[in-house]
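Each protein sequence line maps, in turn, to chains C and D.
In terms of our numbering, the first sequence opens at residue 1 and continues consecutively.
In terms of our numbering, the second sequence opens at residue 1001 and continues consecutively.
Just so you know, the hints here were simulated from the structure itself, not pulled from any lab data.
Don't be surprised by glycine CBs; every beta carbon is placed ideally from N, CA and C.
Hints should not be assumed to be uniformly reliable.
[Unchecked claim] Pair ranges (Cβ atoms, derived): (1) D:Glu1052 - C:Asp177: 46 to 56 Å; (2) C:Glu124 - D:Glu1072: 17 to 27 Å; (3) D:Arg1138 - C:Glu124: 41 to 51 Å; (4) C:Glu193 - D:Ser1142: 33 to 43 Å; (5) C:Asp177 - D:Gly1148: 21 to 31 Å; (6) D:Asp1075 - C:Asn79: 35 to 45 Å; (7) D:Leu1109 - C:Glu52: 47 to 57 Å.
[What the hints assert, rightly or not] These stretches of chain C come out as covered by chain D in the derived footprint (C-beta under 8 Å, 3 or more residues): (8) 87-96; (9) 184-192.
Protein chains: 2
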Amino acid sequence: MSVTVNTYNPVMPRWTPNTRERLAQAAMQLYLQRGYDHTTVTEIATHAGTTERTFYRHFTDKSEVLFGPSTEFQDTIVNALKQTPPDSNPLEAVISALEAAQLYFQGDLKPFQQRQNLIDHQPELASRELHKMATLSRALSSTLQERGLNQLTAQITAETGVSILKIAFRQWLSGLDPNWTQCVRQTQAALKEVISG
Amino acid sequence: MSVTVNTYNPVMPRWTPNTRERLAQAAMQLYLQRGYDHTTVTEIATHAGTTERTFYRHFTDKSEVLFGPSTEFQDTIVNALKQTPPDSNPLEAVISALEAAQLYFQGDLKPFQQRQNLIDHQPELASRELHKMATLSRALSSTLQERGLNQLTAQITAETGVSILKIAFRQWLSGLDPNWTQCVRQTQAALKEVISG
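Okay, chain C solo, but in the shape it has when bound:
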């Protein structure tokens, strides 16, 4: 949920300094053309005009191209949570932290949709996404417990926050509402209604 993939530019010169971005673009193009399973790291490197060795200097494996630097997205949200007033309602604090992810969710939807389509149809990638969300939930729960919240409340608040993130992301991805904050708040409102209803 955290990588912007631009369309590959075939006239990009070989000496362009942004090797990482170039590799990501080449990978994405090949994943879409040939399928994730049928694309090798060697092919990605060749397509980007570089070597396999260079690929591994930027990414640990094929899937990391789609997931970005492993903790960056999580750190953004956890740091935003840490900056909320310590006495605020824990779920409200988590939700306002989710709003900080807005910086990832903007611009052209198409590359995000292409990326999600790859993830949804490839079990290895789907697993990685599930793990990423589970890790985020644990990190949010720890942060809430450091603020003095009991374990049970911290866990259910963190899990609920991640549920809202996942569903708001699908809303945003559908293109029905281009505003990330509104997608988050709409999902929260739906939850409030079933809980109080």
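With the hints as your guide, set chain D onto chain C.
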């Protein structure tokens, strides 16, 4: 979350009819002794006094021993949801469906704790558990949508139900409260508090 593993009985005769149970017990014993990674299907079969071929008649792979028949647990909850009154509050309906899982969560805690410890420390098993929960969430969401709920509300209700299930299960596993229904209701109460608070 759905398999009761009894302690292995070394004097169990070879001709015992319950081959599946015997294989499960042998597998669990070896996983705990040697580690999941270092146990082969051949070893499990030998330990249970049978053959690798017989193992594969009962289980598709090593991990299925720990997860039981793939859809049984999910079917129990989804069928319970289908039996709730169609006009009931959707989250209440999901929660009362979760209570139907009580049949899995009783008896000696130790085999459940041993099993969970294996899962928590083995990425392949942890992935399988995450997938199982994601699949359950989709099934609950579909069932709610068949009852006329809009997609957004159905998704957040289903995700919240699965969050409650996961956290209630950890509560129950901790041994602090042996009553499954109480673990579920306690988790629901904690969520209600952060939402209305």
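Here's how the hints hold up against the structure:
1. At about 54 Å, the beta-carbon gap between Glu1052 (chain D) and Asp177 (chain C) stays in the expected band of 46 to 56 Å.
2. Checked against the given bound of 17 to 27 Å, the beta carbons of Glu124 (chain C) and Glu1072 (chain D), roughly 26 Å apart, stay inside it.
3. The hinted range of 41 to 51 Å is not satisfied by Arg1138 (chain D) and Glu124 (chain C), whose Cβ atoms lie roughly 19 Å apart.
4. For the pair Glu193 (chain C) and Ser1142 (chain D), the beta carbons lie near 20 Å from each other, so the given range of 33 to 43 Å is not met.
5. Taken as a hint, the range 21 to 31 Å holds for the pair Asp177 (chain C) and Gly1148 (chain D), whose Cβ atoms sit roughly 23 Å apart.
6. Here the CB-CB span from Asp1075 (chain D) to Asn79 (chain C) is close to 42 Å, well matched to the stated 35 to 45 Å.
7. Take Leu1109 (chain D) and Glu52 (chain C): their Cβ atoms lie about 49 Å apart, and the range 47 to 57 Å holds.
8. Given as covered by chain D, the segment 87-96 of chain C passes the check, having 3 residues with a CB less than 8 Å from a CB of that chain where 3 are the minimum.
9. For the segment 184-192 of chain C, the stated coverage by chain D is satisfied: 5 residues place a CB nearer than 8 Å to a CB of that chain, which reaches the threshold of 3.
Violated hints, in rising order: 3, 4; the structure is consistent with all others.
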